[in-house]
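Line by line, the protein sequences are chains A and B.
The first sequence: position 171 = 171 (the working numbering), numbered continuously.
The second sequence: position 130 = 130 (the working numbering), numbered continuously.
Bear in mind the hints are in silico, worked out from the structure with no lab data behind them.
Some hints could be false.
[As the list claims (entries may be wrong)] Beta-carbon label-pair distances, calculated as ranges:
{"hint": "1", "chain 1": "A", "residue 1": "L202", "chain 2": "B", "residue 2": "H10", "range": "52 to 60 Å"}
{"hint": "2", "chain 1": "A", "residue 1": "T171", "chain 2": "B", "residue 2": "L256", "range": "41 to 49 Å"}
{"hint": "3", "chain 1": "A", "residue 1": "T171", "chain 2": "B", "residue 2": "A68", "range": "21 to 29 Å"}
{"hint": "4", "chain 1": "A", "residue 1": "T255", "chain 2": "B", "residue 2": "T212", "range": "37 to 45 Å"}
{"hint": "5", "chain 1": "A", "residue 1": "N7", "chain 2": "B", "residue 2": "N89", "range": "23 to 31 Å"}
{"hint": "6", "chain 1": "A", "residue 1": "T171", "chain 2": "B", "residue 2": "S253", "range": "34 to 42 Å"}
Since the structure is predicted, the reported quantities are computational estimates derived from the model, not experimental observations.
Backbone N, C-alpha and C define an ideal beta-carbon position, used for all residues, glycine too.
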Amino acid sequence: MSSFPSNLSMVARQTRYQLKYFTRVPVALFFTIILPLVMLVLFNALFGDNVIETDQGDWPVRQFYTGGLAAYTAVSATFSNLANMVPIRRDEGVLKRWRSTPLPTWVYIAGFICSAIVIAFIGAMLMLTVGVVFYDLSIEWAKMPAAAVTFLVGVGAFAALGMALASIIKTASSASAAANATILPLAFISDVFVATDGDSALTTIANIFPLKPFVNAFQDCFNPFVEAPAFDWGSLAFVAAWGLVGLGIAMKKFTWEPSGAGPRGRRAARAAATADG
Amino acid sequence: MPAIDVNDLHKHYGENRAVDGVSFHVDEGEVYALLGHNGAGKSTAVEILEGHRELTSGSVSVLGFNPAKAQREFRDRIGVVLQTSGVENEFTVREVVDLYATAYRSRRTLDEVVELVGLVEKVDERVGSLSGGQRRRVDLALGIVGRPDLLFLDEPTTGFDPSARRKSWDLIEGLCDDGVTVLLTTHYLDEAEHLADRVGVLASGKMIAEGTPAQLIEGISGTVVSFMLPDSIETADATSTFGPVLGAEVRISGRLVEATVDRATEVVHRATGWAIENGVELDSLRVARASLEDVFLQLTEQTEGEQ
Numbered sequence: 001m002s003s004f005p006s007n008l009s010m011v012a013r014q015t016r017y018q019l020k021y022f023t024r025v026p027v028a029l030f031f032t033i034i035l036p037l038v039m040l041v042l043f044n045a046l047f048g049d050n051v052i053e054t055d056q057g058d059w060p061v062r063q064f065y066t067g068g069l070a071a072y073t074a075v076s077a078t079f080s081n082l083a084n085m086v087p088i089r090r091d092e093g094v095l096k097r098w099r100s101t102p103l104p105t106w107v108y109i110a111g112f113i114c115s116a117i118v119i120a121f122i123g124a125m126l127m128l129t130v131g132v133v134f135y136d137l138s139i140e141w142a143k144m145p146a147a148a149v150t151f152l153v154g155v156g157a158f159a160a161l162g163m164a165l166a167s168i169i170k171t172a173s174s175a176s177a178a179a180n181a182t183i184l185p186l187a188f189i190s191d192v193f194v195a196t197d198g199d200s201a202l203t204t205i206a207n208i209f210p211l212k213p214f215v216n217a218f219q220d221c222f223n224p225f226v227e228a229p230a231f232d233w234g235s236l237a238f239v240a241a242w243g244l245v246g247l248g249i250a251m252k253k254f255t256w257e258p259s260g261a262g263p264r265g266r267r268a269a270r271a272a273a274t275a276d277g
Numbered sequence: 001m002p003a004i005d006v007n008d009l010h011k012h013y014g015e016n017r018a019v020d021g022v023s024f025h026v027d028e029g030e031v032y033a034l035l036g037h038n039g040a041g042k043s044t045a046v047e048i049l050e051g052h053r054e055l056t057s058g059s060v061s062v063l064g065f066n067p068a069k070a071q072r073e074f075r076d077r078i079g080v081v082l083q084t085s086g087v088e089n090e091f092t093v094r095e096v097v098d099l100y101a102t103a104y105r106s107r108r109t110l111d112e113v114v115e116l117v118g119l120v121e122k123v124d125e126r127v128g129s130l131s132g133g134q135r136r137r138v139d140l141a142l143g144i145v146g147r148p149d150l151l152f153l154d155e156p157t158t159g160f161d162p163s164a165r166r167k168s169w170d171l172i173e174g175l176c177d178d179g180v181t182v183l184l185t186t187h188y189l190d191e192a193e194h195l196a197d198r199v200g201v202l203a204s205g206k207m208i209a210e211g212t213p214a215q216l217i218e219g220i221s222g223t224v225v226s227f228m229l230p231d232s233i234e235t236a237d238a239t240s241t242f243g244p245v246l247g248a249e250v251r252i253s254g255r256l257v258e259a260t261v262d263r264a265t266e267v268v269h270r271a272t273g274w275a276i277e278n279g280v281e282l283d284s285l286r287v288a289r290a291s292l293e294d295v296f297l298q299l300t301e302q303t304e305g306e307q
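Chain B on its own, in the form it takes in the complex (with noise of 0.2 Å):
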């Protein structure tokens, strides 16, 4: 049996279809990726798997429970990281840790928690006088001090810089190896790609597409060429000049010129020769493979256009 299985699942507000048919199911031990921009539906559909929300209409199985009854022995075995955290900021880490353990049938002790959080060193520190990114942590604590079978992690590293996110990945991928099941919500594409057994992906309340990061970069054809746009050339004119001499669609993003591509090499060609006819350098010149963000690109614009 999954570890979660969801049938046609609705949820509407009113003419607003925030989730909209979607389908999806987790194995046990599985990490899981919803990836869509903000609003996609991804907070409301994993809110419905968490019992907050009631759904439309579909079916959910989480664990072997439905959510929406939201039994004692359900929430013992889940923890959930909410994005939109609170915790009680004039207590200790390890109050908190010690209060919220207590709920628990089956509890990790506080200083296997901090150590696994990386919170040791901040153990008798008021919750308040955090940084973020350290309040996040403490999410994570109260997340799997229950010992969950199975971990919800809403956007677990939204506002955190680089190596904060490192961190947090080799956290995450930490407790996965422990046979923990993983729904994660996610915008960022490299999160997905790195931490996720599968990624389902979906846009205006849609799954759009859904398989292991490899396969859906698989299933995008094409190459990425990107260069710097060079100084002779106005942001404005980029898409008519680089149009016709890379023979594909173009897209700009601040100064970076890039487009999808069947045959690189004819493209690269075309745009050294055309460099080198006009007498600029196109710096950064690269040739990629596509990755997730292409992918989640061009298939989100595609739903929206068609809409």
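Bound conformation, chain A alone (with noise of 0.2 Å):
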């Protein structure tokens, strides 16, 4: 008999199957990459020739809206995508089926992951491309180096982060609208749609989750302001244990079993052992 197929190549081929599947879903392709774009369009028809006031001189805002949005995009592919995601597919009985074949589990889920963050690099590229050819956005190569890591960072932790949200919550429906009545508000008080003043309450809020030290430092790179490297250490590491902070509940809550099957508690337990057979 012939053996199981590497890792390597099994993830590689999850990756590719996930990505078709994600294309498959207009309504995630729209929410995930095209609303993004359509924003960065109309808030720069809208402020686009505003300028914000810095220590060391003005700051065009379409600079601002790009990089901002940019990592908005990467947030919506990870943390967003993920948490819609997987609670469908739970709910679809996808995931238990997955579990009855020797797929190695952890593949099927890198599969998800990786795929979470192909469409977060394409996205951000694509706004990127967007930025400097119609806004223009500057591009200074020594800052690359630190807007790789930083993205890297934020799609790693911000992926965590969506899992561990596809794990606590159990339905499709009510994870959809954690995943978004989180990250919405947030991303307004975060300086994606809007600049925030520097010490408002909002601001400390803000600063107590990840998603404003990730925009700010991506936001950074492409700042002409800040000089290179642009790396943001701390903002990194402040994002990165928020990381694994949700890779430790994900791994702790993950439930392969569509809502309902899996016995919770008494009651759940009850209902669940008369509802089958």
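Relying on the hints, combine the two individually framed chains into one complex.
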């Protein structure tokens, strides 16, 4: 009998499969890739000529938007995407079916996460390209290593947090609501859609969560007033710590059974036991 | 060594004993059916054997493995058709079969699989566009794509129309001819009677009877006498009217009157005598050997009566 395929080829195949899957769910494609691009165009049309005054000089808002929305796209491709899609697949029973196969469970999860990171990369590159072509985004190559590292830390952390949310929340409908309810209000106070004041209460709140540090660290890589190499190690460590917490929760709480089938607590257990045959 | 060996299996959820001390074994190449009402514990027991749930106590061995450990080598040798089916709806039949095949070491080709389950014409259609019965065949296709030695079929034909069920039976029989061991759960008696070499009857988490379909039917004494309730008699009065006439306990379902009796000749004589005397016709009068269904009804009524 032949042996099992190598781990690498299995993860690659699962990643391709999830990517193909993603492209066939138009609503996911729209919210993850198209909507942030629409926002970029809209915000620039509305506020693009404004300037943000900094100590060193004036910073055109359009450069601020591109970096911030590219970071937001990365978050929506990882955090929102996983928190939405994983519970849907679980409710459909797809996760349970895969668990019946000899495919190692970690490979399936890895495929999900790698595909989310690929989508995040494509989305962010698309955003930056549009920024460069239409909105005078300045690319300084000396800062690109920082941009790449910041991006990787961010997508890793937000993918872990997406899996954590998918693990805590059992049904697909409530997971989707929870993902939006957490990320959208946070985006408003995290310099994604509007620049916030340096020392307001909202900023203090925003700084507790990982979105603002990630967005700011990524924006800095495209901010002409920040000197190369533009690494913000403090923010990166903070975002990574959030990611590790998310990873811990996901590993402890992740379930493969559709909601309702996995008995939790006595009443649920009784209901489940009566419902099945 | 049997393919499946279950000893004093328990699965409790708090006070609820979903599986309450079940023992049975399934030999290699055998088709074994677990029969029972919804909630009898069939799926719970099967999911423990598949490695989806952990047991409370007792021991199980499946192909020599402990399914709770869920090793890859174990999953490589089993095929699972779950009751709650989930397939990637956005993919075509070809794509899902190819995709799931890659998880296994030994695989059937796409052509072979769609031929076996009868989906040749649908191979390039998306799973989401298929009918319920066709989707169930996709489940079956994914269950057999890895050439399993042991196939779990959890209520494979629930919700099928009669002709689709016949076709599925033919298909399952075809697989069994290959020497695959099958553990089937069903609440259709005709399905168990048709497919299974041996049947275990579950009620309230306990195994209340086990044997070949013929043995189970032998084990129950009696012949079933049945006829349609004459129009002149109200359903409410059926038991009081025919109980004394037949001299047996009467079961009424709709307008069908049924009784399981020991001495059928006598009973039929009394019934027809009563009918002639009263000038009524007993439509669809039938005398038949007890079926597995009667066995099942008798057994489960006894068990429920004891509780």
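Cross-check of the supplied hints:
| no. | hint | in the structure |
| --- | --- | --- |
| 1 | A:L202 x B:H10: 52 to 60 Å | holds, 56 Å |
| 2 | A:T171 x B:L256: 41 to 49 Å | holds, 43 Å |
| 3 | A:T171 x B:A68: 21 to 29 Å | holds, 27 Å |
| 4 | A:T255 x B:T212: 37 to 45 Å | holds, 40 Å |
| 5 | A:N7 x B:N89: 23 to 31 Å | holds, 28 Å |
| 6 | A:T171 x B:S253: 34 to 42 Å | holds, 39 Å |
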